[in-house]
Amino acid sequence: MIYFLHYSIYDGVTNLTLSGYVLQILILGAIIISYQSFVQEHIQGYEELLKVIGRRYICNTAKLLANCIFMTLINALILIIVLIYAFYQGQPKWIIYESVIYIILYYYICSIISIVMGASIASLVKNKFGYGVLIFIGICIGPLGKGVCEVILTMLGIDSLSDLINLINIGQYDIREGFNFLYGFEIESGRFIHRGIYLLSILSVFYIIEGFRDKREKLKCITTVALAVLVLLPLLNMTRYPRYIYKPGVIGNDAKSVHDYMLYLNCKPSYKRAGFTISKIKAEVDTTKALEVKGDFFIEFTEDTKEVNLTLYPDFIIKEVSLDGNALPYVQKGDNITITLPGLKKKQEKICLRIEYKGLSSNYFFCGEKAVLLPAYFNWLPFPGGTTSMYMENSLIKTSPLYIDTPVSYDIDVKSNKKVASNLSIEANHIVGTSKYGISLISGYLYHIEKDREYFYTKDIPVEKMQIYTQKLSEYINLVEKDLGIEQSEINKVFFVPFKEEYLATMDTNYVVNSMKIGDVLYTSSYPDTTRLKDEHFVYEAIACLFNSNMDFVAQDLETKTKMVSAYIDCFITRNNINTEFSNKKPEDVEYWIERCKELSW
Amino acid sequence: MVEIQIKNVTKKYGKKTALNNINIGIPTGIFGLLGSNGAGKTTLMKCLVGLLKYEGQIEILKAGIKQNGTIKIGYLPQRFMLFKQLTVKEALEYVAVLKKVNNKDEIDRIIDKVNLAQERNKKVKDLSGGMLRRLGIAQALIGNPGILVIDEPTVGLDPKERVRIRNLLSGLGDEMIVIISTHIVEDLDAIAKHVAILKEGNIIEQGSVRDLLSKLHGKVGTLTIKREELQKYESGYSVSSVSNVDDSLLIRIIGDKLPENSKLEAPKLEDVYFYYNGVGND
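Those protein sequences? They're chains A and B, same order as listed. Heads up: the first sequence at position 144 corresponds to 144 in the working numbering, and the numbers run straight through without jumps. Basically the working numbering = 1-based index in the second sequence + 602.
For the record, the hints were derived by calculation from the structure and aren't laboratory data. Any given hint could turn out to be false.
[Unchecked claim] Each pair of labels, with its calculated beta carbon distance range:
1. Tyr131/A with Arg681/B: 18 to 24 Å
2. Gly838/B with Ile43/A: 48 to 54 Å
3. Tyr131/A with Lys655/B: 28 to 34 Å
4. Lys655/B with Phe136/A: 30 to 36 Å
5. Val604/B with Phe136/A: 24 to 30 Å
6. Val604/B with Gly45/A: 41 to 47 Å
7. Val133/A with Lys702/B: 43 to 49 Å
8. Gly616/B with Val133/A: 34 to 40 Å
9. Lys702/B with Ile43/A: 47 to 53 Å
Remember, it's a predicted structure, so these values are computed and weren't measured experimentally. We put the CB at the ideal spot given by N, CA and C, even for glycine.
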């Protein structure tokens, strides 16, 4: 176990989340130790004696406590090792703090659950099959079993049971990922609730079994059942906390549920221009538990219409749509909302719609691509027009960008437990400003520093490194902008924050795109280390930045985008005589694709 | 005076009847349950201590045995073991905690009583078979139970240890009801005041040892025979034992009818057992 722990965290305790083997060993170890101690009476032959003496409750409880103390010591050892590594690696305080919480949630509580699980199994199975049952259950509830079970269920075509697997699983959601430098580990309070209910339920099961075995003690039996019912009641209520269980789709689009896949299977990216513009959005946004928005949307009609079409990320649940205090009927289908107005609205008429909605638990909100609420890629505020922004591409759900061609005035109050940043100016969590690129909302473990520009970053990055990186990227962006004839804009804000690269345009290269420039804001998930400071890197990033900010480009199909970018990269590198080790499969008719690039509305 | 009344107790394991309408009155002193293997002794013991559910009634009439709704019973099961890694004293202290006995002097007293004083710091795993049985009796005595239920106390022990256990139990019979189940009649011969003989789940005889022995007066005899005559006697009579005497054999015969030339003997408990249970059943 210590070997696996070392193997996981030797280059960063943030990789604790990758230590599925450690947790699996802990679970199996705890379950076997507990089972052993509870079947000893049976094996060594004093089970009958203890039954006659009575007070099996005390005896069993003492054993549970003894096992728990043992596992507490093991976990304390793990904690000490992790703390030593963390201090040695010079991790920031918040990562050390979260690591401790992570160990408590994923290692310690899971060890205790396993102890009770082992005891319960010992109460039921005392023969030679006991160990088989132990290992089977130990793997099923562990992080490794989740993957295995899901594969088996998929092979058998009974995906519906995957919810059950997620319900009983106490390991990490995914042992290949989990820690996010903006969001931290997956340690929301809901997961504690899940584990707590889990533990109480298993404990109840154990005492019920023991209670019924002890036939003489009817009173205790009745008390146990009564207690168990009280404790098991929250279990029935578990459906109210699905997001705290590992429900498929909780983290990342690649884990979307089958249902979601079906929803977007036949979708193609499309854009229907709205017959109105949104001139101002005044909203209160609460991100403490889930993303909750209560907003007034000031609308000006550009044509006569009876309805308002908006595009909003589909996982939000609309609570209210009203006009002047009167509720309006609406239909929400996928990411489209159609609101029926009380009557025909004439061109240039203005209204203020009140829309309240809620969705995305905090872990979803802050994790992966959602960590950075990129203005064009994640419509957390309704965009005008009926746009199909979600669609399937190569079995992955993709998001097509949205853009607003008129500037919107924003007045947003954000309530958050963590630091909040935005592309617009922000003061005391109040965002005010006008933007024609939308508004981004970034929250989590953020550091902020102002040195010629505003830098927001998650990892402990020296400001000099960020300056050098930004300066060099900026120079190449200017070069490409000049080449493409784009109006040059200075970068004023830089976010070194994680976001999913797959959201950006795919290029047929081995190179992963990490950056995006929208207006005067640069978003990058690159870590500005020395390996990144090569010319070829900046060429790719600069081109990606600009192409991905071009809505005409992003609206193209995948093949077109690939050919355009590959042709442009080849042309640019050749023209500027830049050495590159990246392989770039340029199209045969480079000139044609270069022309297509120039035709985009830069 | 009957202190425990077993009334119409029947226990079935599926279709098999382990105990069939058992009625026994158990007085103070040592009570022996005799029977061959599989006769139902252990089942009856388990019913007595509440380990098994049964049909019928078991009434505890003796005063002072019930405490807070529970019966103070000391039990020594056939297969006895305590936590191997504990010492004798620790193991007994553990049982004392479970029995809510706080008096540490009582443990020392019991250790002395079962003659384990020298082994008090020895680990349970290092005890011999006889010591382990004595430890078993010691744990049963903790809490001063009114009833002591002991299942097969001397199985697998050497003769010296068997005598020691027998003497120990004999002393306990003066203080409480001691119910001993065994198929080794010798164990009860000298110490039991009352016995019940079980056969295939039924009580075939019960009563005081004295009464049972008196019933056998004139029904037990010995005879010296030639070796070649043994088969003839075995087929005609119940021969309970055969021993060599010079070139001849001395046989012990039990039955309502004895050979004419046999010498009448005073009956022993073993004879009672064989008389009712049949020779060769155990």
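Against the structure, the hints come out as follows:
1. Between tyrosine 131/A and arginine 681/B the beta carbon distance is about 22 Å. The supplied range of 18 to 24 Å therefore holds.
2. The hint said 48 to 54 Å for the Cβ distance between glycine 838/B and isoleucine 43/A, and at roughly 50 Å that hint holds.
3. Distance hint check: the CB atoms of tyrosine 131/A and lysine 655/B are about 30 Å apart, consistent with the given range 28 to 34 Å.
4. Checked against the hint of 30 to 36 Å, the C-beta distance between lysine 655/B and phenylalanine 136/A comes to roughly 32 Å, which is consistent with it.
5. Checked against the hint of 24 to 30 Å, the pair valine 604/B and phenylalanine 136/A fails, with Cβ atoms roughly 54 Å apart.
6. A C-beta distance of roughly 33 Å is found between valine 604/B and glycine 45/A, which places it outside the suggested range of 41 to 47 Å.
7. For the pair valine 133/A and lysine 702/B, the supplied restraint of 43 to 49 Å is violated, since their beta-carbon distance comes to about 35 Å.
8. Checked against the given bound of 34 to 40 Å, the beta carbons of glycine 616/B and valine 133/A, roughly 25 Å apart, lie outside it.
9. The given range of 47 to 53 Å is broken by lysine 702/B and isoleucine 43/A, whose C-beta atoms sit roughly 27 Å from each other.
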